[in-house]
Amino acid sequence: MSDSAVLAAPISGPVPRIALVGNPNCGKTALFNALTGARQKVANYPGVTVERKVGELLSPAGARVQLIDLPGTYSLRARSPDEEVTRDVVLGRFEHESPPDVMVCVADATNLRLHLRLVLELKKLGRPIILALNMMDVAEARGCRVDASALSAALGVPVVPTVAIKRTGVVGLLDQIDRSMMVMAGDGPPAPCGWSEPSARDLRAYHQEVEAVLAAALRDAGKPSLATQRIDAALLHPAIGLPFLFLVLFLMFQAVFAWAALPMDMIDGALGWVQAAAGAALPDGMLKSLITDGIIAGVGSVVIFLPQILVLFLFILILESTGYMARAAFLLDRLMGGVGLHGRAFIPLLSSFACAVPGIMAARTIENRADRLATIMIAPLMTCSARLPVYTLIIAAFVPERTVAGGMIGLQGLVMFTLYAAGILSALAVAFVLKRTIFKGAREPLLMELPAYRLPSPRDILIGLLERARIFLARAGTVIFAIMILLWFLGTFPGAPDGATGPAIDYSFAGMLGHALAPLLAPIGFTWQIAIALVPGMAAREVAVAALGTVYALSETGDALSGSLSGVLAADWSLPTALSLLAWFVFAPQCVSTLSVVKRETNSWFWMLVMIAYMTLLAYGAAFVTFRLSSALLGG
Amino acid sequence: MTAPLSGSVSSPVARMTPGPAPGTSADPPPRFEGCRLGTLRKGQRAVVTGLDESAVATPLPPGELERRMIEMGLIEGARVEILHEGFPGSDPLAVRIDDHTLALRRAEAHAVLVALG
Numbered sequence: 001m002s003d004s005a006v007l008a009a010p011i012s013g014p015v016p017r018i019a020l021v022g023n024p025n026c027g028k029t030a031l032f033n034a035l036t037g038a039r040q041k042v043a044n045y046p047g048v049t050v051e052r053k054v055g056e057l058l059s060p061a062g063a064r065v066q067l068i069d070l071p072g073t074y075s076l077r078a079r080s081p082d083e084e085v086t087r088d089v090v091l092g093r094f095e096h097e098s099p100p101d102v103m104v105c106v107a108d109a110t111n112l113r114l115h116l117r118l119v120l121e122l123k124k125l126g127r128p129i130i131l132a133l134n135m136m137d138v139a140e141a142r143g144c145r146v147d148a149s150a151l152s153a154a155l156g157v158p159v160v161p162t163v164a165i166k167r168t169g170v171v172g173l174l175d176q177i178d179r180s181m182m183v184m185a186g187d188g189p190p191a192p193c194g195w196s197e198p199s200a201r202d203l204r205a206y207h208q209e210v211e212a213v214l215a216a217a218l219r220d221a222g223k224p225s226l227a228t229q230r231i232d233a234a235l236l237h238p239a240i241g242l243p244f245l246f247l248v249l250f251l252m253f254q255a256v257f258a259w260a261a262l263p264m265d266m267i268d269g270a271l272g273w274v275q276a277a278a279g280a281a282l283p284d285g286m287l288k289s290l291i292t293d294g295i296i297a298g299v300g301s302v303v304i305f306l307p308q309i310l311v312l313f314l315f316i317l318i319l320e321s322t323g324y325m326a327r328a329a330f331l332l333d334r335l336m337g338g339v340g341l342h343g344r345a346f347i348p349l350l351s352s353f354a355c356a357v358p359g360i361m362a363a364r365t366i367e368n369r370a371d372r373l374a375t376i377m378i379a380p381l382m383t384c385s386a387r388l389p390v391y392t393l394i395i396a397a398f399v400p401e402r403t404v405a406g407g408m409i410g411l412q413g414l415v416m417f418t419l420y421a422a423g424i425l426s427a428l429a430v431a432f433v434l435k436r437t438i439f440k441g442a443r444e445p446l447l448m449e450l451p452a453y454r455l456p457s458p459r460d461i462l463i464g465l466l467e468r469a470r471i472f473l474a475r476a477g478t479v480i481f482a483i484m485i486l487l488w489f490l491g492t493f494p495g496a497p498d499g500a501t502g503p504a505i506d507y508s509f510a511g512m513l514g515h516a517l518a519p520l521l522a523p524i525g526f527t528w529q530i531a532i533a534l535v536p537g538m539a540a541r542e543v544a545v546a547a548l549g550t551v552y553a554l555s556e557t558g559d560a561l562s563g564s565l566s567g568v569l570a571a572d573w574s575l576p577t578a579l580s581l582l583a584w585f586v587f588a589p590q591c592v593s594t595l596s597v598v599k600r601e602t603n604s605w606f607w608m609l610v611m612i613a614y615m616t617l618l619a620y621g622a623a624f625v626t627f628r629l630s631s632a633l634l635g636g
Numbered sequence: 001m002t003a004p005l006s007g008s009v010s011s012p013v014a015r016m017t018p019g020p021a022p023g024t025s026a027d028p029p030p031r032f033e034g035c036r037l038g039t040l041r042k043g044q045r046a047v048v049t050g051l052d053e054s055a056v057a058t059p060l061p062p063g064e065l066e067r068r069m070i071e072m073g074l075i076e077g078a079r080v081e082i083l084h085e086g087f088p089g090s091d092p093l094a095v096r097i098d099d100h101t102l103a104l105r106r107a108e109a110h111a112v113l114v115a116l117g
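So the protein lines, in turn, are chains A and B.
The numbers in this note's numbering rise by one with no breaks, and the one at position 319 of the first sequence is 319.
The numbers in this note's numbering rise by one with no breaks, and the one at position 102 of the second sequence is 102.
In case anyone wonders, no lab produced these hints; they're calculated from the structure.
Quick caveat, the model's predicted, so the values are computed rather than measured.
You may find that some hints are simply not true.
[As the list claims (entries may be wrong)] Partial selection, computed: residues in chain A whose CB lies under 10 Å from chain B:
(1) Leu-112
(2) Ser-199
(3) Gly-222
(4) Pro-224
(5) Thr-228
(6) Leu-331
Even for Gly, the Cβ is constructed at its ideal location relative to N, Cα and C.
My request is simple: use the sequences and hints to build the entire structure.
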């Protein structure tokens with residue numbers, strides 16, 4: 001079954017829908033990847049399993065099937081907005097969606113005692129279920145022997161053993177999907193839903209049933225993962241755990257610089273070549289200016305940061321898929337508790353280093369509303385990858401490329417680390433204030449599984465990275481593209497009057513806007529070019545860099561264009577101005593997508609407005625202090 | 001499975017039920033003289049004998065903490081072992097429960113009644 005054949009197949013009648021349901025850490029996402037490959041669509045922004053992912057596949061019988069990956073849950077008794085999605089989909093409570101035709105329940109074969117209860121709950125729905133008995137390889141390695149046919153008999157559902165990360169058992173699962181759909185078609189309407197929210201008494205009864213099933217099907221319980229115990233003995237050690245975690249984070253930020261340098265140079269070279277070629281091929285005039293100064297300079301200055309964003313996501317994906325992320329939450333729970341945050345807030349906050357949008361969405365896994373709101377409010381203070389272009393640009397222009405501490409640490413990386421640290425510390429401070437004022441109350445309990453360590457599958461990491469690259473490039477190709485054209489228009493019209501002495505942009509709409517804002521921003525040392533760039537920067541922070549690129553490209557005359565943007569900035573700005581802008585972007589009044597997701601996730605304009613107000617205030621204050629202090633110290 | 005549970009899982013303490021606990025004297029708050037998971041130290045093993053969330057301050061509605069704990073495998077008869085303690089304050093705990101490992105805070109672990117062994 002080739003990709004193109006699947007995608008080109010005509011839509012005829014309703015496509016059968018299959019939902020993947022399972023506990024967190026059961027390998028559900030890996031199974032989804034194994035079944036659909038890269039043929040998956042992620043609605044909006046992906047957290048690991050926060051958003052609903054949909055993929056398509058052809059069953060062996062030739063039926064087109066839609067596969068839905070649902071957020072992991074321990075129970076249909078949803079406790080968080082994330083788990084509510086799962087519950088509502090399987091119960092058919094979503095308005096424009098019929099319930100899934102077949103549910104594939106994924107369970108970790110090494111952890112059936114915990115995972116089988118969900119199967120029993122799903123059985124109550126009266127719809128066809130298939131149990132994918134995942135991680136069979138790990139189970140075997142630990143001497144855990146499960147009799148799949150006995151399990152199937154005891155549960156009364158078909159059982160298919162799988163090893164999702166090695167794509168073993170996928171064919172068997174597809175065959176079973178076909179059989180289940182056929183049985184379903186012959187059965188007529190499904191049995192009425194017999195599920196109701198279980199009480200503690202019902203849960204104990206489920207648990208007893210699980211024990212009975214295990215007595216019939218579990219031949220040998222095997223031993224717990226020795227490797228996991230040994231690794232945890234070191235990584236959760238009171239003296240080693242936290243230093244190791246900070247080392248990992250430090251290496252991550254160093255790698256963002258070091259590993260991305262070469263591909264970024266290559267993209268830079270390619271862009272320069274395209275710009276030159278387009279400039280040579282096109283006749284002088286408006287069109288040439290639009291294409292070279294507007295589109296290529298603008299979009300190009302954002303695309304160049306793709307390598308850094310991918311390196312960052314690579315680390316996050318690896319930390320998540322190895323199981324270390326839960327350890328990080330464990331290690332930080334007590335420290336974060338000091339400012340009133342839940343250990344689980346670590347995952348949304350770390351995701352926010354990539355982008356605040358998936359981070360804020362990942363806060364759905366926090367059940368308590370006050371804890372969740374506090375996490376959402378500080379998530380944009382984590383330095384998202386969209387700020388990276390701004391930092392990189394200014395650091396490249398103003399921080400010399402040399403090493404300190406005997407050649408061990410790059411100075412540029414160190415400055416970058418400081419900026420990230422400033423974001424984290426201010427986030428903790430804000431959380432501290434919030435939890436003592438608006439969000440008073442006891443913390444939500446911590447009940448979090450620490451999954452066995454696992455080697456990540458390169459294929460799954462690659463699929464995850466491709467997804468991120470696709471989303472980033474789609475943004476560069478749509479939102480940023482449109483803004484760049486608008487900005488070029490504002491920066492070009494109306495043209496300079498005859499006999500004008502300054503650069504043309506001075507007389508344009510953008511120039512007028514920048515000059516109007518300039519007095520407001522002068523106390524913090526911003527030039528009018530920065531003032532212009534900040535306006536589109538509201539759409540997305542990285543656009544500020546693209547905007548600077550466009551503004552300077554349009555304001556330079558003739559051959560000055562050939563210099564790189566950082567070179568232009570180094571010549572044009574004072575050091576206090578650069579530092580002030582860095583301080584501004586640590587707090588950077590948030591981008592429109594962050595604000596809209598805050599509005600959506602909190603279901604309130606109020607929290608969105610609070611966020612705008614407090615972040616703008618912090619940004620202005622920090623930039624003011626930085627500018628005044630550095631001006632005084634540097635004698636500027 | 002909708003059949004009512006046969007009284008096999010009688011926990012040694014009454015849960016959120018008002019009135020005297022069955023089989024004990026008439027004093028309303030049933031006393032439990034055994035051990036609580038939250039008092040164990042690293043390396044200690046025990047068996048869960050019951051859940052008593054009344055001992056814990058929680059923002060959750062009554063009965064919710066108990067249900068979550070059961071869902072995470074903390075149920076009568078489960079074998080537990082303290083694998084790791086967090087820092088500082090030896091909190092939270094990493095507890096092996098039968099086949100899996102759970103992180104929870106000492107404060108909430110006080111809701112789990114255990115018998116050392």
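Against the structure, the hints:
no.	hint	in the structure
1	Leu-112	holds (8 Å)
2	Ser-199	holds (7 Å)
3	Gly-222	holds (8 Å)
4	Pro-224	holds (7 Å)
5	Thr-228	holds (8 Å)
6	Leu-331	holds (7 Å)
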